[in-house]
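From first to last, the protein sequence lines are chains A and B. For the first sequence, counting from 1, position 281 maps to 677 in this note's numbering; every step adds exactly one. For the second sequence, counting from 1, position 65 maps to 66 in this note's numbering; every step adds exactly one.
Calculated from the structure, these hints are not laboratory results. Predicted, not measured: the structure shown is a model, and the values here were computed from it. Please note that the accuracy of each hint is not assured.
[Unchecked claim] Pairs of lysine to aspartate or glutamate residues, derived as EDC-like cross-links and limited to a Cα-Cα distance of at most 16 Å, are as follows:
1) B:K64 with A:D453
2) A:K710 with A:E501
3) B:K64 with B:E78
4) B:K64 with A:D618
5) A:K653 with A:D618
6) A:K710 with A:D453
[Said to hold, decoys possible] Okay, the calculated beta carbon distance ranges per label pair:
7) B:S16 with A:N654: 31 to 39 Å
8) B:H42 with A:R527: 34 to 42 Å
9) A:H625 with B:M54: 33 to 41 Å
10) B:P14 with A:P475: 40 to 48 Å
[Said to hold, decoys possible] Residues of chain B placed beyond 12 Å of chain A at every Cβ, according to the derived structure:
11) A25
12) G31
13) P46
All C-beta atoms in this analysis are idealised placements derived from N, C-alpha and C, irrespective of residue type, glycine included.
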Amino acid sequence: MSETFDVVIVGAGIVGAACAAECARASLKVLVLDRGPVGGGTTAAGMGHLVVMDDSDAQFALTSYSRRLWRELIPVLPPDVEYDECGTLWLAADEEEMLEVRRKEQNYTRRGVGVEVLDSDGVADAEPNLRADMAGGLRVLEDAVLYPPCAARYLLDKAKQLGAIVRTGVSVHALLPEGGVTLQDGSTISAGISVNATGPWSPELTTGLPVRKRKGHLVITDRYPDYVHHQIVELGYLKSAHSMGKDSVAFNIQPRKNGQMLLGSSRQFDAEDTRVEQPLLNRMLNRACDYLPSLGALSALRTWTGHRAATPDKLPVIGPSATQPRIWLATGHEGLGITTSLATGRLLTDLLLQRKSEIAPEPYLPARFAATTAKNHECATDNSH
Amino acid sequence: MNAQLTIRINGRPVSVPAGMVLAAAIARAGFRNFHRSPQGHPRGPLCGMGVCMECRVTIDGQKHLRSCTVLCSQGMEVWTDA
Chain A
397 MSETFDVVIV GAGIVGAACA AECARASLKV LVLDRGPVGG GTTAAGMGHL VVMDDSDAQF
457 ALTSYSRRLW RELIPVLPPD VEYDECGTLW LAADEEEMLE VRRKEQNYTR RGVGVEVLDS
517 DGVADAEPNL RADMAGGLRV LEDAVLYPPC AARYLLDKAK QLGAIVRTGV SVHALLPEGG
577 VTLQDGSTIS AGISVNATGP WSPELTTGLP VRKRKGHLVI TDRYPDYVHH QIVELGYLKS
637 AHSMGKDSVA FNIQPRKNGQ MLLGSSRQFD AEDTRVEQPL LNRMLNRACD YLPSLGALSA
697 LRTWTGHRAA TPDKLPVIGP SATQPRIWLA TGHEGLGITT SLATGRLLTD LLLQRKSEIA
757 PEPYLPARFA ATTAKNHECA TDNSH
Chain B
2 MNAQLTIRIN GRPVSVPAGM VLAAAIARAG FRNFHRSPQG HPRGPLCGMG VCMECRVTID
62 GQKHLRSCTV LCSQGMEVWT DA
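The following block holds chain B by itself, in its conformation from the complex (with noise of 0.2 Å):
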């Protein structure tokens, strides 16, 4: 557990512990805002377990994802409050 990765977060690189759960890293970096809901409150993740659907981002231009099932892979291009 002790290998880094880089992952960019809205365009910033980040460093994260190989095997990080990308819910854990976005919230660690500072992120609050996973996505907006149809009224455009903003959201973040509730439950962890990929069930509330709150913590979808967009990984590597691919919408709606559950940050939370995800674990951190090198490269990664992650956007979040869309």
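So here's chain A without its partners, still in its complex pose (with noise of 0.2 Å):
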């Protein structure tokens, strides 16, 4: 087999069949190759919600340039995406975490995107199974939620229309320095590049990037239809995050379209495992049941976990290696993979073939922890002598 193809993209989770999608549409020859099935790893333990964050002003640039992006979608996502602009409520407990609702209002409106201000009562009538005292809360109009697995299989079909290849159950050794990768058989396959879009398990195959698991436990519950209609997500998770050590849990709430709601969320770091923690968990569940007092009686269907891909900035790595030109990343999404993901296939392409992007890549490029990973690959290579 002496195939070659432009782009060799390992990982076939949301990002890397958002880089498959936009690769092929720019007529390049795409192989798509992952260990397991289309969208089993990440992509298939997330919520998959699409949120504008502002974190910081490339946070905030990437979220809503990629959410626009799905919103151009809408008329052509087949049903099981399950896409629904059910909007985000960001709840507020208490007076201290309605200034940073004012803050997000003023923040997101000055930069175009819609919000609406809720006060205690706005907040009763718009979720009324949640506790009654809330101070209030701002409502993100366009923000939704979809069914990420399905997404991914969608955005790879979209591919394969154009010629692209997907093969599942092939595991990959490593990236090659001239482009391209070796499978575990031993084989080679050829090719312009490869990008490693293996999200957490990407240092494995990229030795020192900076990227690092961090585990989150989920619930699903059985179909209670209307119980919450927005995405719902405390205020409060944003001055605990620093002060509740490396274990923290905040309340996030998702309606599906069939009733189901989807339960979180925590964050762990070393904790490489997929268990279920039960003491977590009742933290988690807890912490739901506060908010929404009457959760407890309804039934769960099942829990489970998965693992972000962390960085140290909280921007995900897109772009050519520093130091490999044709080993490119794109990985470091953490809990906001499924929202980048278009934008990250969008703003790689570009970067490839020297287009120009509609906004800023040099946030989100590798060689901004060119320095670290260097030292770091030094460490490994000094161990291996």
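Got two chains here, separate frames each, mind docking them using the hints?
Structure, rendered in structure tokens:
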């Protein structure tokens, strides 16, 4: 077999799928490889919340750009993607959190993202099952939810229609500095560039990449249509995140079109295994019951965990490696990979073809970590002597 | 086991022996459709031991409870086919 590709993408999650769709649309010859099924890793574990976030200007730029790209797809997304523009409701439990609501309102409005501030009664009207004493909230109108594995499959189907090849159940051993990959079976596939889109597993293929696994727990409930109407997230986590040690929980609930609800969230570093940890799950559920007092009477169907790909600056890594120009990265999206996948695919393809991008690609370039990566790489090399 | 109690299934009073499992009481009263699948198909008990989730009904206003794991109690209000 002597196939040659322009781009070989490792990872058929939502990010790899979005990169494949964009590269194929630009008439590049694309191969996608994954050791598991399509969208079977972090993509399958997460909620699928399309959300504009403003922890930093670069995060705002990427999430709002990508949400716009999702909205452009609404007319063509198949029904099983379950796109639902339910909006996000950020909850303020007290006046201190209302200050954050007003800060967010100004920041979003100034940048053209539609929001509404709700007072205490407004929140009670919008979500009658919430505890009645909320100070208020911020509704982000065009935020949405979808079902991520089907979204990944849709993007790969689009890529395949444009000539891309997708092979699942294929384990990649290494990304080659001269382009292409070697597989676990020893064979080599040559390509102009390879793209590491393996999320939390990306450091296994790119030594020294500052991406860490951040574990999360999720619960899915039975069908209770109209129990909640928005993806509801507490603002409280913003002030508690730094004071709660390495494990933190925050209230986050998502209505699905079929009436089921996804319930999160937890964040843990240094928890590589995938087992459900009951004490942390209890903390997470107690937090949720604090906001939704009648939640405890509902039935949960299943609990599971997944790993996010976290970076030190909470921004993904998109573009060529600083040291190996034929090895590219599309990883490190932490909890925003579903939202930012489409922008990632677009930016990566813009960089590859040296097209002008709609948003500045610099904040996400791998080169920003070059010093750390080189240093870690030296250490790894030293250890192997 | 001779004591009888009365529950209501889909609005109809039904007399059952004390200690009877609710799924059995519903079946004995002639109801076949315990709940509906997301595609709207009728579903009924399969495993009888709390695992398959197919015998779910609404009990006293609480939805999606497994009728095979609940004993009948006096005055219980049960709705099937939700």
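Hint check results:
1. B:K64 with A:D453: violated (45 Å)
2. A:K710 with A:E501: Distance ~22 Å between A:K710 and A:E501 Cα, so the pair is violated.
3. B:K64 with B:E78: Since the Cα atoms of B:K64 and B:E78 sit roughly 12 Å apart, the hinted pair holds (cutoff 16 Å).
4. B:K64 with A:D618: Cα-Cα ~9 Å, so holds.
5. A:K653 with A:D618: With a Cα-Cα distance of about 12 Å, the restraint between A:K653 and A:D618 holds, given a limit of 16 Å.
6. A:K710 with A:D453: holds (12 Å)
7. B:S16 with A:N654: 31 to 39 Å: Since the Cβ atoms of B:S16 and A:N654 sit about 37 Å apart, the hinted range of 31 to 39 Å holds.
8. B:H42 with A:R527: 34 to 42 Å: holds (37 Å)
9. A:H625 with B:M54: 33 to 41 Å: violated (26 Å)
10. B:P14 with A:P475: 40 to 48 Å: With Cβ atoms ~43 Å apart, the hint holds.
11. A25: holds (21 Å)
12. G31: holds (26 Å)
13. P46: Fine: 16 Å to the nearest Cβ keeps B:P46 off the interface.
In the structure shown, a violation is registered for the earlier hints numbered 1, 2 and 9, in ascending order.
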